[in-house]
Amino acid sequence: MEQTNNETSLFDLSIDEAAKNHLKNISSWVMVIVISAVIGYVLAILKALQSRPHVVDSEGFGVSAKTGPNLGGVIFGIIIGLLINFFLFQFANLARKGVNRMSQSDLNAGFYNLKIYFVIIGVLLIIALIILLLAVLVVGLSAH
Amino acid sequence: MEENLSGLELQVDQSASKNLLGAARWAKFLSVAGFICMALLIICFVAAQGLISNALSQLVPAITAEEGYGIILVIILVAAIIVCLLMYFLFRGSVLIKRGIETKSQETFNNGLASLKAYFIMYGFFAILGVIANLVSLL
Chain C
1 MEQTNNETSL
11 FDLSIDEAAK
21 NHLKNISSWV
31 MVIVISAVIG
41 YVLAILKALQ
51 SRPHVVDSEG
61 FGVSAKTGPN
71 LGGVIFGIII
81 GLLINFFLFQ
91 FANLARKGVN
101 RMSQSDLNAG
111 FYNLKIYFVI
121 IGVLLIIALI
131 ILLLAVLVVG
141 LSAH
Chain E
1 MEENLSGLEL
11 QVDQSASKNL
21 LGAARWAKFL
31 SVAGFICMAL
41 LIICFVAAQG
51 LISNALSQLV
61 PAITAEEGYG
71 IILVIILVAA
81 IIVCLLMYFL
91 FRGSVLIKRG
101 IETKSQETFN
111 NGLASLKAYF
121 IMYGFFAILG
131 VIANLVSLL
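Protein chains in written order, with our numbering: chain C, 1 to 144; chain E, 1 to 139.
Don't read these hints as lab results, they were simulated from the structure.
You can trust all of the hints, since none of them are fake.
Simulated DEER-style distance windows between Cβ atoms:
| hint | chain 1 | residue 1 | chain 2 | residue 2 | range |
| --- | --- | --- | --- | --- | --- |
| 1 | C | GLU17 | E | ALA55 | 51 to 61 angstroms |
| 2 | E | CYS84 | C | PHE86 | 22 to 32 angstroms |
| 3 | E | ILE82 | C | GLN50 | 26 to 36 angstroms |
| 4 | E | SER105 | C | PRO69 | 46 to 56 angstroms |
| 5 | C | GLY77 | E | ILE43 | 19 to 29 angstroms |
| 6 | C | LEU82 | E | LEU138 | 16 to 26 angstroms |
| 7 | C | LEU129 | E | SER105 | 26 to 36 angstroms |
| 8 | C | ALA18 | E | SER57 | 54 to 64 angstroms |
| 9 | E | PHE45 | C | ASN100 | 39 to 49 angstroms |
| 10 | C | LEU133 | E | CYS84 | 19 to 29 angstroms |
| 11 | C | LEU129 | E | CYS84 | 11 to 21 angstroms |
| 12 | E | PHE126 | C | VAL123 | 15 to 25 angstroms |
| 13 | E | VAL83 | C | VAL136 | 17 to 27 angstroms |
| 14 | C | VAL123 | E | SER105 | 27 to 37 angstroms |
Model, not experiment: these values are computed from the prediction.
Think of the CB as a built atom: it goes at the ideal place given N, C-alpha and C, for glycine as much as any other residue.
The shape of chain E in the complex, shown without the other chains:
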């Protein structure tokens, strides 16, 4: 069943193209949804400023409502920037892989794979951080 193409290069053949185009389509959808969700999160957070400030001042009397809101806003902004960067790599990867396959451009296709690699590297880095944070919280 397995075919070894000794002497030949691996190809992005019809089956690979079909699967990569499908993956790229869904990856693009996910990245766009990620951008929109982050934008909505920030808009909701800014819109509900009064509500959040009041809740914080009751929950943590040691700091003022403005300080508490500011701290949480910074944390949310940093998280949103990280997620948007991650989504950018995924978006770029999906667009370039799709374009590379459609135009049969090796360079564009390779750039798409490079962006997908950047996405998985960043994802992996934060996955490791998550495990470390989990371990620390468990101890």
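Just chain C, with the same shape it has in the complex:
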């Protein structure tokens, strides 16, 4: 995962002042994203609990429907969201620590977590696209 004996040379890229500022800003905004996501999860649970037993008339349109998502789906979504945001949080935390303390290993660990974050989202996207494709195929075949 990490390499402690870093092979650095005078010709390597460095994290100069501009890069440090960018990384600090990225860390701050990533923290905003993570905090917003966690607040969103709490609100989603509250919403799911609140709307579960109600059957509400859609105002004026004469449509009755059971409102709100089911709790199981919400919890499943939250677990995946927490997993994704954990890596994003780790990236922000370690990158900031690495820049502030001039710690190469923290910075490298931060970049590793950023990679894992994008990998998880990419894999989830591929799974979602496969499910979508299968659904379209099933609907297409059943229509004929």
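Position chain E relative to chain C; hints supplied.
The following block gives chain E in isolation, referenced to the frame of chain C:
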């Protein structure tokens, strides 16, 4: 374990390069997938115009089918523009970071980080908006 490089600069060493290149590769994939999904969404929406208009006219009799379709089309277009802008920053960030590491160009690498920063700023802004919208809908 932790090495403090006092007096030295932090480097984009082999380990950092490997991780950043991996992140850039996946980020590029995500951004391209985002562009394609938005294009498909708009194409599907335009292709299913008749179906959507009929459903809308039954669901909301107060407005005409064309008006309802127009309103939803505008909302979808605005959402698609926002997502495409977000994906543009992610795409640019991933391409420039990769190129910066491969060519060892400090300026290109920093531009890549700037684009990634723009991506996260925009993402953060909409995350805050989302939380506010959630709170409002809960009240």
